[in-house]
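Single-letter residue listing:
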Amino acid sequence: MQRFANPNKFMAFSATLMPWLVGATVLLFLAGLYVSFFVAPPDYQQGETVRIMFVHVPSAWLAMMCYGVIALSSFVLLVWRHPLADVSAKAAAPIGAAFTLLALVTGSLWGRPMWGAYWVWDARLTSVLILFFLYIGLIALRRAVDDEALAARLTAILALVGTVILPIIKFSVEWWHTLHQPSSVLKIGGPAVHSSILWPLLVMAVAFICLFLTLHLAAMRNEILRRKIAATRIMRVERAAAHQAQPAE
Amino acid sequence: MSAFVELVRRDVGLAWREGGATGTVLAFYLIVVAVLPLGLGPDLKLLSRVAAGVLWVALLLSALLSVDRIFLNDKQDGTLEIMALGPLPLELVVAAKAFAHWLMTGIPLALLAPLLGLMLNLDGAGYGPLFATMIAGTPAVSFIGAIGAALTLGVNRGGLLLSLLILPLYVPVLIFGVSAVSASITGPAPFWPPFLILSAITLASLVLAPIAAAAALRLQL
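So the protein sequences, as listed, match chains A and B.
Numbering-wise, my numbering puts 350 at position 86 of the first sequence, and it's gapless, one number per residue.
Numbering-wise, my numbering puts 171 at position 170 of the second sequence, and it's gapless, one number per residue.
Isolated chain B, as found in the complex:
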């Protein structure tokens, strides 16, 4: 367990000292959300209606930008092989790295989302549910993303391929996330069922994604 915590601390520390990663992702999130009204028009009623969906889709795109970095640096300088030889099972190494990714991108994105909701005229009842669904859903984004990152590790410029592989797998997260937010704004459907299913997807991905990603990593080490 201490090795797990240490690995998370190391990855968070690295991301923090590098600085750029989290900032770039947040800036990307901001600019995607800022560009969309330019395409849709400044109609506040329309923006208010699509706000939850826009914020979720932009969050997925922003997270995709950084997901391929989960293993890449450690693979390139050989650290990943040392980790694979170490006492921690590779599944837990994957889980630690995906968890660190969530801490450094998922949470900041979820914190930024309500602010961007203001720009999109999100309904007042939606802010709490938006933040809650994003906190509940972004771990799945990081963990499912880790599968894609592990699969495309050996591919040159794998980022594009990664998006192709992973975006279809994000569909359930997107649908239940947006359903829960819009249910709490417009009713009459209740907030809890989609939210609980979203949480279930996250929990399942916490268990299953490390197994798949570790299997993919083992082939390439």
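Bound-form chain A, shown alone:
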């Protein structure tokens, strides 16, 4: 019974949590966007483009956090067969892909005025691009398999394989970079970030985390509802088929 009880409890719990999360996200974004556009000073080297960082850096963090959520959910699904874990993994994949894409796009928009090119084959860019491909792979595999339960398990295996291999990819890409173009190591205004830039960034980071939680929770609720609707539809069709079969016999 635990299998059926938990999604219901989750629905009730998330329903009370949702308004608070949405409110917190909106307020934090209002505050974060205000300070990043009007309070934070333009960087002495980067000028106004430093403001892109307030969106870029949290997206990149979220891109990695999302994969962590997927990997953890996949592990829970494979070990304990918990249906909510699959809902969580399925809901997180497109969100993670979106944040990764956002990080890549904002990064290349920042790169054009700063580095003079939209795309540089820098280690970090390349490894984030590969992370994006992994997200696409997770989504594509789930879509390609018709049987939903099977798709969930196969995707979970792929996600765990990705967890094993992601550090190797990141490490190899960094190594590849230092071998070939060590001179173009570019950092965001050096390691020390001034506090006037740092605290708007942190506000934005918390806002992004709240946004992720809201989107993830909403997507999970939608997925649970979708499955319930699909299940009731099948039941209704079966009942109708049973009714039709009766007079014939």
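Worth flagging that the hints you see were computed from the coordinates, not collected in a lab.
All the given hints hold, so there is nothing to weed out.
Covered by chain A, according to a simulated footprint, are these stretches of chain B (three or more residues, beta-carbon under 8 Å):
id : stretch
1  : 147-156
2  : 170-176
3  : 207-218
Here a beta-carbon is modelled for each residue, glycine too, at the ideal position from N, C-alpha and C.
Using the hints, position chain B against chain A.
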């Protein structure tokens, strides 16, 4: 152990008698390498500089072509289920089939690569390292490919999806393979560190890939 050897022998025998598989992969490798200079231009200096990378990328693409066949025929005629019921653990069945795939595609591709290197004006110091890195790296290509083949087994025309899933996972093999070859040609970086890391990736994939692939197969049998 004898069952393992027998399975490898069976798969190699099947691939050998079918004939087409290895030949097609080699022909594909040849044609990709032949087409690339048409796009890049016949400048020998440029070709010599990109030769190691071109040969490695084309090898990965060629291997991808055949990787989806690892389980497909045996799944379709039911042999795979008999193997799963047999005395050999499914992990070892996967390992045997991936090993047979390596014998029938990895090694022939690695043998062909130095010849194609001649066409691309690969530097003289590069042939030995090229062959060594390919022998060391292609087992990882077959074994990681087996994960993808197992995951996409039930998908209609899964080949395209397989490439999407597996090519990102091939990135470390590609990078360390090419690094080792170009290090031995241009220096000053030494050949051994990337080569040893490449070998480590291969060894890790020999252990871990059968577990993942067998888990995926069990769901579909």
